[in-house]
Amino acid sequence: MWILVLTYGSQDHVKREQNLPDDPAFLKATIAASQAENAKMSATLQAHDQLIGELRLRIAKLKKQVFGKSSEKIEREIQQLELALEDLLIPAAENSTKPLDEGDAAVPAAPVASRPEKTMCRRPRVSEKAARERKELDPGTCCPDCGGELRLVGEDASEILDMIAAQMKVIEVARLKKSCRCCEKMVQLPAPSRPIPGSMAGAGLLAYILVSKFDDHLPLYRLNEIFARMGADIPDSTLVDWCGRAMQVLQPLIERIETAIMGSDLLHAGDTPIRVLDRSRRDKGLGKGVRKGRIWTYVRDQRPWAGAAPPGAVYYFAPDWKEEHVHHHLRQTSGILQADGYKGYVAALQM
Numbered sequence: 110m111w112i113l114v115l116t117y118g119s120q121d122h123v124k125r126e127q128n129l130p131d132d133p134a135f136l137k138a139t140i141a142a143s144q145a146e147n148a149k150m151s152a153t154l155q156a157h158d159q160l161i162g163e164l165r166l167r168i169a170k171l172k173k174q175v176f177g178k179s180s181e182k183i184e185r186e187i188q189q190l191e192l193a194l195e196d197l198l199i200p201a202a203e204n205s206t207k208p209l210d211e212g213d214a215a216v217p218a219a220p221v222a223s224r225p226e227k228t229m230c231r232r233p234r235v236s237e238k239a240a241r242e243r244k245e246l247d248p249g250t251c252c253p254d255c256g257g258e259l260r261l262v263g264e265d266a267s268e269i270l271d272m273i274a275a276q277m278k279v280i281e282v283a284r285l286k287k288s289c290r291c292c293e294k295m296v297q298l299p300a301p302s303r304p305i306p307g308s309m310a311g312a313g314l315l316a317y318i319l320v321s322k323f324d325d326h327l328p329l330y331r332l333n334e335i336f337a338r339m340g341a342d343i344p345d346s347t348l349v350d351w352c353g354r355a356m357q358v359l360q361p362l363i364e365r366i367e368t369a370i371m372g373s374d375l376l377h378a379g380d381t382p383i384r385v386l387d388r389s390r391r392d393k394g395l396g397k398g399v400r401k402g403r404i405w406t407y408v409r410d411q412r413p414w415a416g417a418a419p420p421g422a423v424y425y426f427a428p429d430w431k432e433e434h435v436h437h438h439l440r441q442t443s444g445i446l447q448a449d450g451y452k453g454y455v456a457a458l459q460m
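Okay, so the sequence shown: first residue is 110 according to our numbering, each after it adds one.
Hints were generated in silico from the structure; no laboratory data involved. Idealized CB from N, CA, C, for every residue including glycine. Among the hints, erroneous ones may be present.
As the list claims (entries may be wrong) - Simulated restraints on C-beta separations:
{"hint": "1", "residue 1": "Ser-346", "residue 2": "Ser-389", "range": "37 to 45 Å"}
{"hint": "2", "residue 1": "Asp-247", "residue 2": "Val-320", "range": "24 to 32 Å"}
{"hint": "3", "residue 1": "Ile-445", "residue 2": "Val-279", "range": "50 to 58 Å"}
{"hint": "4", "residue 1": "Ile-140", "residue 2": "Glu-264", "range": "45 to 53 Å"}
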């Protein structure tokens, strides 16, 4: 029995080994040059990946402009592309020693053919209303060389943008008891009111929880972890209760805003679908336990003609797209309604 063994490139491999020099210095230089070339190629590939990510993000934003702001699919695509682009930019910034916020204005995007390897970042814009603190570095009153008196001739000022982290603080309210020496009357100030009677939560903490939950979209279990790092172990069930009770406290304010906006003589209306969890559908074997709800939005905005009323919006949720919801929203509304051709709007205005 014969066994056929095929070899590819073995002679070339031997020849390459024979052609390698024996000088260690030359070999080290060759390796260093190869490593430099590999690093350059890696940087080029990373720059190309970054450019591809930026172009894809730009295309998604252009699609959003063409198809309208209500396209949730495009909005989610933009968010995912922004996350992917951040993953490319952060390692590049980690290895960079160049200042990132030079200049006062945003640098215009260069053409693709002449795009630089690294994109310059604009200087952060900080509102004039932001809190500011001045720190003076005074060299003293005596000259370090001759001991003479120093006089002020000017200063070099620069700005550092810093963050004061949120701090969990326990406020102890001590109501002092005093008695009159003459009539023995006991005097004590009443306890201050709390947003949620009998609860430890202060107004600032409740506002932080609501903004984090409903505006920053942080789950309550993550807030539990954040508060634990601050030294307060607040159970998830307590956070849920605080959210519900805080919304009860805000209900009168919500009703005032709703009355003011829906009473406007000009409203802009629109609706959009929203995915809603429905575990009963999953229990019945009807899909993944998600159904489609509806969000109706009514906006008052008088800024184009310098109106006196401030802009505002009212949001209504409904489990479906029935006309009866619009009838309920517009039951006490009169005036001009700018909306699409949904038949519910037409029927409501004809009532």
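Assessment of proposed distance window 24 to 32 Å (beta carbons of Asp-247, Val-320) | violated, 40 Å
For Ser-346 and Ser-389, compare the CB-CB distance with the range 37 to 45 Å and indicate the outcome.
-> violated, 23 Å
For Ile-140 and Glu-264, compare the CB-CB distance with the range 45 to 53 Å and indicate the outcome.
-> holds, 52 Å
State, for the Cβ atoms of Ile-445 and Val-279, whether the hinted interval 50 to 58 Å holds or is violated.
-> Given range 50 to 58 Å: holds, Cβ gap about 53 Å.
Violated hints, in rising order: 1 and 2; the structure is consistent with all others.
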